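For the protein sequence lines, the chains are A and B, in the order given. Counted the way the working numbering counts, the first sequence spans residues 54 to 346. Counted the way the working numbering counts, the second sequence spans residues 14 to 572.
Certain hints may be false.
Far from chain A by the CB rule (all over 12 Å, computed), these chain B residues [what the hints assert, rightly or not]:
no., residue
1, Phe68
2, Ile84
3, Tyr164
4, Val202
5, Gly318
6, Val389
7, Arg439
8, Trp512
9, Leu560
Simulated restraints, written as ranges between beta carbons of each label pair [said to hold, decoys possible]:
no., chain 1, residue 1, chain 2, residue 2, range
10, B, Val244, A, Asn257, 18 to 26 Å
11, A, Ser295, B, Leu63, 42 to 50 Å
12, A, Ile145, B, Val244, 41 to 49 Å
13, A, Arg231, B, Ile505, 52 to 60 Å
14, B, Ile505, A, Pro313, 48 to 56 Å
15, A, Lys97, B, Gly212, 51 to 59 Å
16, B, Gln447, A, Leu74, 35 to 43 Å
17, A, Arg125, B, Ser557, 34 to 42 Å
18, A, Phe156, B, Val244, 33 to 41 Å
Since the hints were made in silico from the structure, they are not lab data. Values in this document were obtained by computation on a predicted structure and should not be read as measured data. Cβ coordinates follow ideal geometry from the N, Cα and C atoms, glycine included.
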Amino acid sequence: MKPRNILFLIAYAIALTGISLWIGQVSYSWFPPQASAESVLIDKLFAFLVTIGAFIFLGITGVMIYSVVFQRAAKYDFSDGPHIEGNVTLEIVWTAIPILLVFWLAGYSYQIYQQMAIRGPMEVMHLGMGHGDTPTVVEEQSIEEIEVISKQWAWVFRYPGSNVTSTELHLPANRRIRLALQSEDVLHGFYIPAFRLKQDIVPNKTTDFEFTPIREGTYRLRDSQFSGTYFATMQANVVVESPEAYENWLSEAKKRQPLPAYNQAASEYTQQTSKTGWPTVVPAAPPVVNYPT
Amino acid sequence: MTDSQVKNTNIITESYQDLSARDWRRYFSFSTDHKVIGIQYLVTAFIFFLVGGIFAMVIRGELITPEADLIDRTFYNGMFTMHGTIMLFLWTFPSLVGLSNYLVPIMIGAKDMAFPRLNAAAFWMVPVVGVLMIASFFVPSGSAQAGWWSYPPVSLQNPTGQLITGQFLWILAVAISGVSSIMGAVNFVTTIVKMRAPGMTFFRMPAFVWTVLSAQIIQLFGLPALTAGAVMLLFDLTVGTSFFDPSKGGNPILFQHLFWFYSHPAVYVIILPIFGIFSEIFPVYSRKPLFGYKVVAISSLIIAGVSGLVWVHHMYASGTPGWMRMIFMLSTMCVSVPTGIKVFAWVATIWGGKLRLNTPMLFALGALIMFIFAGVTGIMLSAVPVDIHVNNTYFVVGHFHYVLYGTVTMGMYAAIYHWFPKMTGRMYYESWGQVHFWLAFIGTNLNFLPMHPLGLQGMLRRVASYDPEYTFWNVVASLGAFLLGMSTLPFIVNMVSSWIQGPIAPSNPWRAIGLEWLVSSPPPIENFEDLPVVISEPYGYGKSDPLVSNLEGIIGHSE
Numbered sequence: 054m055k056p057r058n059i060l061f062l063i064a065y066a067i068a069l070t071g072i073s074l075w076i077g078q079v080s081y082s083w084f085p086p087q088a089s090a091e092s093v094l095i096d097k098l099f100a101f102l103v104t105i106g107a108f109i110f111l112g113i114t115g116v117m118i119y120s121v122v123f124q125r126a127a128k129y130d131f132s133d134g135p136h137i138e139g140n141v142t143l144e145i146v147w148t149a150i151p152i153l154l155v156f157w158l159a160g161y162s163y164q165i166y167q168q169m170a171i172r173g174p175m176e177v178m179h180l181g182m183g184h185g186d187t188p189t190v191v192e193e194q195s196i197e198e199i200e201v202i203s204k205q206w207a208w209v210f211r212y213p214g215s216n217v218t219s220t221e222l223h224l225p226a227n228r229r230i231r232l233a234l235q236s237e238d239v240l241h242g243f244y245i246p247a248f249r250l251k252q253d254i255v256p257n258k259t260t261d262f263e264f265t266p267i268r269e270g271t272y273r274l275r276d277s278q279f280s281g282t283y284f285a286t287m288q289a290n291v292v293v294e295s296p297e298a299y300e301n302w303l304s305e306a307k308k309r310q311p312l313p314a315y316n317q318a319a320s321e322y323t324q325q326t327s328k329t330g331w332p333t334v335v336p337a338a339p340p341v342v343n344y345p346t
Numbered sequence: 014m015t016d017s018q019v020k021n022t023n024i025i026t027e028s029y030q031d032l033s034a035r036d037w038r039r040y041f042s043f044s045t046d047h048k049v050i051g052i053q054y055l056v057t058a059f060i061f062f063l064v065g066g067i068f069a070m071v072i073r074g075e076l077i078t079p080e081a082d083l084i085d086r087t088f089y090n091g092m093f094t095m096h097g098t099i100m101l102f103l104w105t106f107p108s109l110v111g112l113s114n115y116l117v118p119i120m121i122g123a124k125d126m127a128f129p130r131l132n133a134a135a136f137w138m139v140p141v142v143g144v145l146m147i148a149s150f151f152v153p154s155g156s157a158q159a160g161w162w163s164y165p166p167v168s169l170q171n172p173t174g175q176l177i178t179g180q181f182l183w184i185l186a187v188a189i190s191g192v193s194s195i196m197g198a199v200n201f202v203t204t205i206v207k208m209r210a211p212g213m214t215f216f217r218m219p220a221f222v223w224t225v226l227s228a229q230i231i232q233l234f235g236l237p238a239l240t241a242g243a244v245m246l247l248f249d250l251t252v253g254t255s256f257f258d259p260s261k262g263g264n265p266i267l268f269q270h271l272f273w274f275y276s277h278p279a280v281y282v283i284i285l286p287i288f289g290i291f292s293e294i295f296p297v298y299s300r301k302p303l304f305g306y307k308v309v310a311i312s313s314l315i316i317a318g319v320s321g322l323v324w325v326h327h328m329y330a331s332g333t334p335g336w337m338r339m340i341f342m343l344s345t346m347c348v349s350v351p352t353g354i355k356v357f358a359w360v361a362t363i364w365g366g367k368l369r370l371n372t373p374m375l376f377a378l379g380a381l382i383m384f385i386f387a388g389v390t391g392i393m394l395s396a397v398p399v400d401i402h403v404n405n406t407y408f409v410v411g412h413f414h415y416v417l418y419g420t421v422t423m424g425m426y427a428a429i430y431h432w433f434p435k436m437t438g439r440m441y442y443e444s445w446g447q448v449h450f451w452l453a454f455i456g457t458n459l460n461f462l463p464m465h466p467l468g469l470q471g472m473l474r475r476v477a478s479y480d481p482e483y484t485f486w487n488v489v490a491s492l493g494a495f496l497l498g499m500s501t502l503p504f505i506v507n508m509v510s511s512w513i514q515g516p517i518a519p520s521n522p523w524r525a526i527g528l529e530w531l532v533s534s535p536p537p538i539e540n541f542e543d544l545p546v547v548i549s550e551p552y553g554y555g556k557s558d559p560l561v562s563n564l565e566g567i568i569g570h571s572e
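If we strip away everything but chain A, and leave its shape as in the complex, we get (with noise of 0.2 Å):
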């Protein structure tokens, strides 16, 4: 290879270089804000992952564009370019590559999988890796546990510790949150985008599923797992708030009398006047809750 030629790469690799560590500096912003311990962990990954991504897509249409823009063949140029069957040292080379990327990429995901510790349905299963593990990103404290439960098309959140029931989910910032996904008819997904985290909920099954928000403010839980005529609607508030803020709630939920909830899929049900689509399943009646939102 002529110096010239490799110079060229070396500056073509320096530059790439810096444009995917820009631009994975970006990703972040593509993010809703991080309020949870586990969300900075994954906007970690992922901007790790663009970085790489960017150079790799940027590093090899760099190439094809150079090849479109340079190496057109004349109008009357009818010839053959080089008879070039193949390269064994550059194959190998750019196999040995995606090789040695591929485990980097899986044990550094591995690793940021371990430190989160959501749980999910490992413990259904009894074969989980990560029993009794600790997650790294809070020190161990005390655990917060609330029942989900799902249903076509209404969130219901139950706090047994004070036998409150809520549509909207408080949580205390900066406390291990642990939640008992469950669903009275079909799968749900329990996702927070917020939070980077989604479980999806399979009925006659309990699953565990642990997080800690960071952040006070109210984000927004969907369902994740397609569950039917009204899926776009099954929607609630978080609002994750500081732990005697959290407190106070619960104390003053408890006090009140249960109350039907709004519910939107129940009430687009109701006021559809004019059949105009396909037959539905009918939405469960509004949940009855202590704070109804």
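Once you have looked at the hints, place chain B on chain A.
The following block gives chain B in isolation, referenced to the frame of chain A:
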């Protein structure tokens, strides 16, 4: 080179006496000619592509505003279910089977497929599948509304209580489509293994044939799982068994395993022939041999093998324990190794060549760029922590549309333009092709790139309404979708008018190397007068070795 070019041109323009090969009525009959069947598949599939495309535009019309205001929610759910189903089972699969049907026997020097009548029977099941799917819109329950995955228990919910529901017809149609595909797979594998011409060793087969072989092997090991799942679902739905119904003790996760055990490899059934198309087109328009041909050929088989070990990555967020998530993360990432080898090989093929940007080359280049993008997002999705966030969001929708439109459909267009002169004996109009490419390329990116930020922000797939914060990117995506819909118009105009009155095509308009380019355009009914005797490896660009030793005998029209 130029001499043989001129000679070939003469042969075709005046010598084609066998007019029956041009008789349009053959395309509407039960023909056993693999070329007729190939075109029947392609045209039928394209009609359903337009139907699925109209559904897509209805979906994007609904999503241009946050509220569910254009169509009823039930109808919206039917739209995305049928869009996905039709695009997969009635566009990508049959169109690729059609292309393979047309090309494989000629490329390996055979006079037809191994089982011509089985071939025709497999084709004629496709319209049956299509009629069942369309009919499902007219039963009282409406069409299937559980998504193309048809996960139970949603797919088992039957508000009308009737037996013949949209979901029932859907399962029936998918099962028939599976039977058709298995018949096709048996035929292809047998043809490729047993019917190669003298001298056509495995390592002299064009890379396209390798990819078809790999893809059809996947059909053979994968489809039984899907068919079993479909039959069990049908029983749950109709006669009250409880394989998957949790309210009666069934296991809905089992269905997901059966479904994805086939439906993930199915992606490779679709993408592998497209890889084959890339491997055929890049050498022709770069005037260089396919770089690392043998490795590219073998990596198709490796992809087919690995594809059977990655299905759980669709179920990371489902009832999947942590250890299983980790194993399938590693196996999924491994797919990128043989795929990466191919990508590097194509780029090395182009590099230093003498490029000519005809429409097929433009489509192939555009498709390759979008495939690399889809590969990058695919690696992100394989990483469990990232997938826990973006699973079932528009990030996934964007990713697989870059695969299925950006790569597969664009690659399919590249193939149609490239082999159009061979199939019809007419040249297409180049300027219309260029217009089509730019509209499709811009439309695809405008449509599917915005889905990535939407997914990262948390917008879920299959929603008929969404929070107003997602409006901007949805409007962009919808405008892109309408542009993409319009981009098919120049294609249709070009194909129809060229087929009727385009300039007569020579046998080898692209100066390409391959058995299909030695025979006339369109080829005679049994392709070759005498079976070709192959004496060189494929892709002899930059050399002047003849491909066969009996050129005169093949063509059978002595001058």
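- Task: May I ask you to check that B:Gly318 keeps its beta-carbon over 12 Å from the closest beta-carbon of chain A?
- Result: Check passes; 16 Å lies beyond 12 Å.
- Query: Between A:Phe156 and B:Val244, is the Cβ distance one that fits in 33 to 41 Å?
  - Reply: 40 Å, holds
- Message: At 12 Å, judged by beta carbons, does B:Val389 keep clear of chain A as stated?
- Response: The claim is violated: B:Val389 sits with its nearest Cβ about 4 Å from chain A, within 12 Å.
- CB of A:Ile145 to CB of B:Val244, is that within 41 to 49 Å? 47 Å, holds
- Query: Are all beta-carbon distances from B:Ile84 to chain A longer than 12 Å?
  - Reply: It is violated; B:Ile84 is separated from chain A by about 8 Å at its closest Cβ, not greater than 12 Å.
- Query: Taking 12 Å as the cut and beta carbons as the points, is B:Arg439 off the interface with chain A?
  - Reply: 22 Å, holds
- Determine whether the Cβ-Cβ distance between B:Ile505 and A:Pro313 falls within the hinted range of 48 to 56 Å. 55 Å, holds
- Since B:Phe68 was said not to touch the interface, does its Cβ keep a gap of more than 12 Å from each Cβ of chain A? Label holds. Min Cβ-Cβ 15 Å, cutoff 12 Å.
- Starting from the range 18 to 26 Å, see whether the pair B:Val244 and A:Asn257 falls in it by beta-carbon distance. 23 Å, holds
- Could you let me know if the closest chain A CB is still more than 12 Å away from the CB of B:Trp512? With a cut-off of 12 Å, B:Trp512 remains clear of chain A, as the shortest Cβ separation is near 27 Å.
- Okay, A:Arg125 versus B:Ser557 on CB: inside 34 to 42 Å? 23 Å, violated
- Satisfaction of the hinted span 42 to 50 Å by the C-beta atoms belonging to A:Ser295 and B:Leu63: Check failed, 57 Å falls outside 42 to 50 Å.
When held up to the earlier numbered hints, the structure conflicts with 2, 3, 6, 11, 17 and fits the remainder.
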